[in-house]
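Participant: Here is how the chains run, residue by residue.
Protein chains: 2
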Amino acid sequence: MSTTNPYLIPSRSAKRAHHDAESINPILDEALFCTISYAVDNQPFSLPTSFVRYEDKIYIHGSVGSHFIREIEKGIPVCITVMLADDLVVAKSAFSHSVNYRSVVIFAKAEKVEDYQTKYDAFKWLTEKIVPGSWDYLRPMTEKEVRKTTALAFSLSEASAKVRSGMPKDEEEDKPLPIWSGLIPLQTRRMPVIADDLSIDIPVPPHLQI
Amino acid sequence: MSTTNPYLIPSRSAKRAHHDAESINPILDEALFCTISYAVDNQPFSLPTSFVRYEDKIYIHGSVGSHFIREIEKGIPVCITVMLADDLVVAKSAFSHSVNYRSVVIFAKAEKVEDYQTKYDAFKWLTEKIVPGSWDYLRPMTEKEVRKTTALAFSLSEASAKVRSGMPKDEEEDKPLPIWSGLIPLQTRRMPVIADDLSIDIPVPPHLQI
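From first to last, the protein sequence lines are chains A and D. Count the first sequence with my numbering and you get residues 938 to 1147, in order. Count the second sequence with my numbering and you get residues 938 to 1147, in order.
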């Protein structure tokens, strides 16, 4: 999550659905985690997981034996949500409080990635998203590891983004009140790394230094 | 989200489901947002929203006219997930990468809060969770505002927590490799407030100062 730039905040808040890749992709590329839901006999199940976007699809992975993966790899309908919270929106009344966020909702069915190279690439894209610059530094992924892991792709053709930004929308009669209103920006950041005992004498590679 | 205290990290990672309030409640009380899923004809729908726990229930709110609220207030089965990401777990191989997280999954059916005082209290609990210390400072909530808003409660009787903590679990043959492994802690924090134009000359109250 990045803090909304206060200089870019419009004077009125805005919230509407966007269906274009220019709105959707930056949210998917910034968020590390999504929540995937599916239903069996109208009983919903959902699970947070990491994901990566590549071109017009997102990819998740899981163990070949995972119950969740085995259910959704059947190609049943899923709903995937992603949310980045930018600011708490503090109004003069509790009723007008809100949150500035950027979210994406995707309706799709899983496509199981069967092609070996695409599957390998999906793991590479995911690893590079979570820890940029790390793939070539790590012990190379083996064929056995690729085969033990399922990769699922989801089309973004039924995706939409929603964004709320800007200041509170207080009621007209509340605006003159001497009560403070504005934003509490939220910031998520990566902190300096902590070495495992196994790696205490190994230099921290440049891609992990901040 | 708080950073995992490196001094408390056990030498081996642990991941299992916990069903006790002592495991579940601190996660629910730290997280500001959850994702709620429901299904109609096995088509899942999900939505991120703010929530608050009070005793053995969580509460959400929404506009009386919201489609989402009107669906789930019928009392159909929902699945609610909450996730706090603490660390990216960087192993010596991509395959052993992981995430340290604390998550809760709740299976429940909405109970519509009809009692006026409980509904009022739910809005107070929610406001005080998002902006601690603010309720008595704000313009008081009106009866009309309470009536325009739906509050839904969900029992925690079918809730479970899952936690992964600690260092990577590299394969035995990878452990001697001269590749750095460890944690990238993630931290989410509230930044200094940004005043609305309406409030530029109003002192920031103590509960909003950091």
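Read the hints as simulated data drawn from the structure, not as lab findings. Check the hints yourself; a few may be wrong.
The list treats identical chains as one, so a pair stands whether inside a single copy or across any two.
Claimed, not checked - Derived BS3-like pairs (lysine-lysine); straight-line CA-CA distance at most 25 Å: (1) Lys1112 <-> Lys1066; (2) Lys994 <-> Lys1112; (3) Lys1112 <-> Lys1061; (4) Lys1056 <-> Lys1046; (5) Lys1099 <-> Lys1081.
Participant: So, for every hint listed, does it hold in this structure?
Facilitator: These are the hints, each one checked on the structure:
In this homomeric assembly, lysine 1112 and lysine 1066 come within 25 Å of each other (Cα to Cα) only across copies, at 24 Å, whereas the closest approach inside a single copy is 44 Å. When the C-alpha separation of lysine 994 and lysine 1112 is checked against a cutoff of 25 Å, the pair qualifies neither within a copy, at 45 Å, nor between copies, at 35 Å. In the homo-oligomer, the alpha carbons of lysine 1112 and lysine 1061 lie at most 25 Å apart only across protomers (21 Å), although the nearest pairing inside one protomer, at 52 Å, exceeds that limit. Taking identical chains as interchangeable, the C-alpha atoms of lysine 1056 and lysine 1046 lie at most 25 Å apart only when both belong to the same chain, with a minimum of 17 Å there against 38 Å between chains.
For the homomeric pair lysine 1099 and lysine 1081, neither the shortest alpha-carbon distance inside one copy (40 Å) nor that between copies (28 Å) is at most 25 Å.
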